[in-house]
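The whole structure should be built from the sequences, with the hints applied where relevant.
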Amino acid sequence: MLAIRDLEHGYSERTVLSVPALEMPEGTITALVGPNGAGKSTLLRVLAGVERPRRGTLSLAGKPIRTRADALAARRQITLVEQHPLLFDMSVRANLAYALKLRGERPRAAGTRIRDVLALVGAEQLADRQGRSLSGGETQRVAVARAFLVQPRVLLLDEPLSAADRTARGLLGTALQRFAQTGTAICLSSHLLEEAFRWSSRLFALVEGRLDSVTPENLFRIDLPPGSGSRTVRAGPLALTIVSDREGPVTIALSPDDIVISRQAFASSVRNQFPGRVTGISDDGRGHIRVTADVGTEIVVRITPSALADLGLEIGTNVVLSVKAMAVRIF
Amino acid sequence: MLADGLRRALTLLVHGDPEVLGIAVLSLRVALTATVLACFVGVPVGFAVGTTRFRGRRVALTVLNTALAFPTVIVGLLVWLLLAREGPLGGFGLLYTWWAIVVAEVVLAAPIAAALTAAAVQGVDPRVRRTALTLGAPAWRVHLAVAREARFALLTAVVVAFGRVLAEVGAAMMVGGNIRHQTRTLTTAVALATSQGDFPLAIALGLVLLALALTVNVLLHMLQGRGYAGDT
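Heads up: the protein sequence lines correspond to chains A and B, in order.
If you count the first sequence from 1, position 21 lands on 21 in the working numbering, and the numbers rise without skipping.
Position in the second sequence (from 1) plus 1000 gives the number in the working numbering.
Don't read these hints as lab results, they were simulated from the structure.
Do not take every clue at face value.
[Unchecked claim] Straight-line Cα separation of at most 25 Å, SDA-like style, residue types lysine to any residue; simulated pairs:
| id | chain 1 | residue 1 | chain 2 | residue 2 |
| --- | --- | --- | --- | --- |
| 1 | A | K101 | B | A1139 |
| 2 | A | K324 | A | P225 |
| 3 | A | K101 | B | G1225 |
[What the hints assert, rightly or not] Some chain B residues flagged as far from chain A (calculated, every beta-carbon gap over 12 Å):
| id | residue |
| --- | --- |
| 4 | V1045 |
| 5 | F1047 |
| 6 | A1048 |
| 7 | A1060 |
| 8 | L1068 |
| 9 | G1093 |
| 10 | T1131 |
| 11 | T1134 |
| 12 | L1135 |
| 13 | L1144 |
| 14 | A1145 |
| 15 | M1222 |
All C-beta atoms, glycine included, are put in the ideal place defined by N, C-alpha and C.
Next comes the structure, spelled out in structure tokens:
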């Protein structure tokens, strides 16, 4: 539905985004995960057409957006819900009606539709409240309802779950999945990897402005103690050397493509080596082999069929998994 | 002298003296016309300067803010030279008509309307524009949403421009000529009556002017109160 090619964006000298290609097919939920400052909000604003990228083309339904008229037509079909959305200083109900008015629409049965979208996000009891008297979480839900109301073909949401409590998150997630089923392409950003996995059909990590697809394997949710640079932390049964200045709850990801599998430990600069046993070998359907190894916990490694043959791996083979400290990703 | 003047001024006001009434009506007519025209020019300019990014925007803002402090006698002189029979706009024969005062007041008030409008729309949360854009609004409706958000500040700009025009004396005197029944406004009449020693008339006209100015300020105060309440 919405696609981007050769995107490059930045402010003055600094390049903050560099995305060669990204596609959002209709009916799917694409999630962007990454730490704060990774460029998630900027990417969403570029996709929404409110920020013009330095380079690159956006296309909607296969047609590139070039002229002003294209841009306006695209904006009518793409909606962005910001992380801290703005409601106008009127009642919630009037806010939703105003969204339709801004588009120049005067649909019949707008009242019923407004009630329906508010119910979808569990906000029907907020209808008569003043928009600017709502809490952060309530504002987010109303803003999502407003986005549903204008029936976009592409719905972009910046951290839609950040201010919501557990119940509201469940509600919002379900609402988004149902909305995606109507054929809308949804793209949301989140710094919570698990949330993103739960609600999305495709997941990309955005780290320092670059996209990287993430698989749901080899994730560890840990509480990172304060510290900086290269250090060793416990991730489940593993003692993992990482490089990070972060602290607090994080998700640690070992990408199956970044793990080296060998029959024996070898002398190298690799900080993390875990001995274990192969417990599973399968074809990933895309010409690569997924090898699962138990190193105290199950870790998935992706290798080529020829590597599998060279190593002579079978179920039960003793192996060593190696990961560079720099290759351990932290969200 | 003051007490006597005040007593006789009140008599003039209570009896609806035609001279006082005529001057007040002319003043209001000049002020309203000039304010409407000044805002017609100034508000869109201020809006453009306040919302769009273009080369020379800083310069434009500086020019506007300088124009705020433009001495009224200089404006009077410039407009006089423009409208004088040999001047570039002399052919219209506007000098010493109430329209000449309107022209001078527009030159004075348009920068006020523009500068305050620019400040008003610059103060609007940038999310207002983005939200309207992403909801699929065409450009003019995006502007309308921004203006709606800044409505109290925009009304303030109009009221301040009106106050400026109503109270201005130097330029009105120079290009209007203070001609009785034609270009004699409240301010120029007060100046003349005072110099002629007609204190009852001067005080009566002064009271009318004060009442109008007070009304404007009360209005302004109310608007600003609403504006702040809306910000929270």
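Verification of the hints:
no. : hint              : verdict
1   : A:K101 to B:A1139 : 13 Å, holds
2   : A:K324 to A:P225  : 20 Å, holds
3   : A:K101 to B:G1225 : 28 Å, violated
4   : V1045             : 23 Å, holds
5   : F1047             : 18 Å, holds
6   : A1048             : 17 Å, holds
7   : A1060             : 23 Å, holds
8   : L1068             : 29 Å, holds
9   : G1093             : 46 Å, holds
10  : T1131             : 5 Å, violated
11  : T1134             : 4 Å, violated
12  : L1135             : 5 Å, violated
13  : L1144             : 8 Å, violated
14  : A1145             : 6 Å, violated
15  : M1222             : 17 Å, holds
Checked against the numbered hints above, the structure breaks hints 3, 10, 11, 12, 13, 14 and satisfies the rest.
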